[in-house]
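Chemist: Sequence:
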Amino acid sequence: MNILMIGDIYARAGRDCFESNIAKIVADHKINFVVVNGENTSHGKSLLKEHYHFYKNLGVDVITSGNHIFKHKQVLEYIDETPDLLKPLNMSAYTPGNGYVIVEKNNKKICVLNLMGTTFMDKANSTYEVMDQFLELNLEYDILLVDFHAEASAEKLAFAWNYDGIITAFVGTHTHVQTADERILPKGTAYITDLGMTGPINSIIGAEPEPVIWKEKTGLPTRFEPAKGPSSLTGVVINIDQTTNKAVTITRIKY
890 MNILMIGDIY ARAGRDCFES NIAKIVADHK INFVVVNGEN TSHGKSLLKE HYHFYKNLGV
950 DVITSGNHIF KHKQVLEYID ETPDLLKPLN MSAYTPGNGY VIVEKNNKKI CVLNLMGTTF
1010 MDKANSTYEV MDQFLELNLE YDILLVDFHA EASAEKLAFA WNYDGIITAF VGTHTHVQTA
1070 DERILPKGTA YITDLGMTGP INSIIGAEPE PVIWKEKTGL PTRFEPAKGP SSLTGVVINI
1130 DQTTNKAVTI TRIKY
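My numbering numbers the first residue of the sequence shown as 890 and each following residue consecutively.
Think of the hints as simulated: they come from the structure by calculation, not from any bench. Ideal Cβ positions, reconstructed from N, Cα and C, are used throughout, including at glycine. Watch out, some of these pointers could steer you wrong.
Stated by the list, open to error - Mimicking SDA-like on lysine to any residue, the simulated pairs with C-alpha atoms at most 20 angstroms apart in a straight line are:
(1) Lys1117 with Lys1143
(2) Lys938 with Tyr967
(3) Lys934 with Phe959
(4) Lys938 with Leu965
Unchecked claim - So the derived label-pair ranges between C-beta atoms look like this:
(5) Glu1025 with Glu1099: 35 to 41 angstroms
(6) Pro1100 with His918: 18 to 24 angstroms
(7) Glu970 with Glu993: 16 to 22 angstroms
(8) Glu1025 with Trp1050: 16 to 22 angstroms
(9) Glu1114 with Asp1070: 39 to 45 angstroms
(10) Lys1104 with Asp1011: 16 to 22 angstroms
(11) Asp1070 with Lys1106: 30 to 36 angstroms
(12) Thr1107 with Glu970: 41 to 47 angstroms
(13) Ser909 with Ala1069: 21 to 27 angstroms
(14) Leu1046 with Asn946: 32 to 38 angstroms
(15) Asn1051 with Thr1138: 35 to 41 angstroms
(16) Glu970 with Glu1029: 23 to 29 angstroms
Let the hints inform the model, and build the full structure from the sequences given.
Modeler: What follows is the structure, given as C-alpha cells:
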C-alpha cells in the first residue's frame, strides 16, 4: 500500500499546483491513500468550506491542519460535519472538530492523527499526555499516521522516538521547508521532520517577500499577502507492507 502525505498547501498558488500534479503523482507512485495539510489553503490561513470540497473532489482522503485552522470563522460552522478534516487533537477541548479519524481503504483501517507542538507555537495541551490518552482508547486500526504540526525539529524527533514502533508513519509540518532526513526509525516508524510546502517558489514560506522583510527589519506590524508565480509540491510517499502493516520505505517527492 502506498500512502501520499503532502505538506502545507498555501493559498491559490498551492491549490493550483496540487490540482495540476495530483493525478500524475497518484499514477506515478500507485497511490492508495492521500493526506494533505490544508491549514494554509484559503489565502494562506485556514480552510473555507469550498476548499474542503476542492480537496475531496480531487480524491483526498484526510485533511490535517494546525494552528491556523480556526482563523476563518466559517470553519467553526462546518468542521463538526466533516470528520475527515482534522484539528490538532491537543488543542483546547472547547474547540469543535476531531483530532483523529479512522478511514477504511483497500481493506485496511487507517487512522490519521493530528497533533500540534508546544514549542514556539500557540497554546496547546501536552502532546505526550494527549497521545497516551488516545492510545488508551485501544481503537481498532491497522495503520497509524501522525501529522505533527510544530516549529522545533527536536520536539518532533523526541516525540517520534518516544512512540517509535507504535506510530506507522510520523510526518512533521508547519515550517514550510522540506527536510532531507526521511528514514525508518529503529523500531519501524517512518519519519521526516517536515514535509515542506506546496506553494509559490519565489516567496518567504508562501508570502510575498517584501512585507516579510519589512517586518523583520523594522519590527512593525504589516499584512502578509500570498505570493504568486511558479509553485512546487512537496511531500512523501510511504510504502506499507500489506501483511505486517509496517512502513517499508519513505521517499521524498517534489513536483
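Chemist: Each hint needs a verdict: does it hold in this structure or not?
Modeler: Hints, one by one, checked against the model:
no.: 1; hint: Lys1117 with Lys1143; verdict: holds, 19 angstroms
no.: 2; hint: Lys938 with Tyr967; verdict: holds, 7 angstroms
no.: 3; hint: Lys934 with Phe959; verdict: holds, 9 angstroms
no.: 4; hint: Lys938 with Leu965; verdict: holds, 10 angstroms
no.: 5; hint: Glu1025 with Glu1099: 35 to 41 angstroms; verdict: violated, 49 angstroms
no.: 6; hint: Pro1100 with His918: 18 to 24 angstroms; verdict: violated, 37 angstroms
no.: 7; hint: Glu970 with Glu993: 16 to 22 angstroms; verdict: holds, 20 angstroms
no.: 8; hint: Glu1025 with Trp1050: 16 to 22 angstroms; verdict: holds, 20 angstroms
no.: 9; hint: Glu1114 with Asp1070: 39 to 45 angstroms; verdict: violated, 32 angstroms
no.: 10; hint: Lys1104 with Asp1011: 16 to 22 angstroms; verdict: holds, 19 angstroms
no.: 11; hint: Asp1070 with Lys1106: 30 to 36 angstroms; verdict: holds, 32 angstroms
no.: 12; hint: Thr1107 with Glu970: 41 to 47 angstroms; verdict: holds, 43 angstroms
no.: 13; hint: Ser909 with Ala1069: 21 to 27 angstroms; verdict: holds, 25 angstroms
no.: 14; hint: Leu1046 with Asn946: 32 to 38 angstroms; verdict: holds, 36 angstroms
no.: 15; hint: Asn1051 with Thr1138: 35 to 41 angstroms; verdict: violated, 23 angstroms
no.: 16; hint: Glu970 with Glu1029: 23 to 29 angstroms; verdict: holds, 24 angstroms
This entry does not satisfy hints 5, 6, 9 and 15, going by the numbered hints stated previously.
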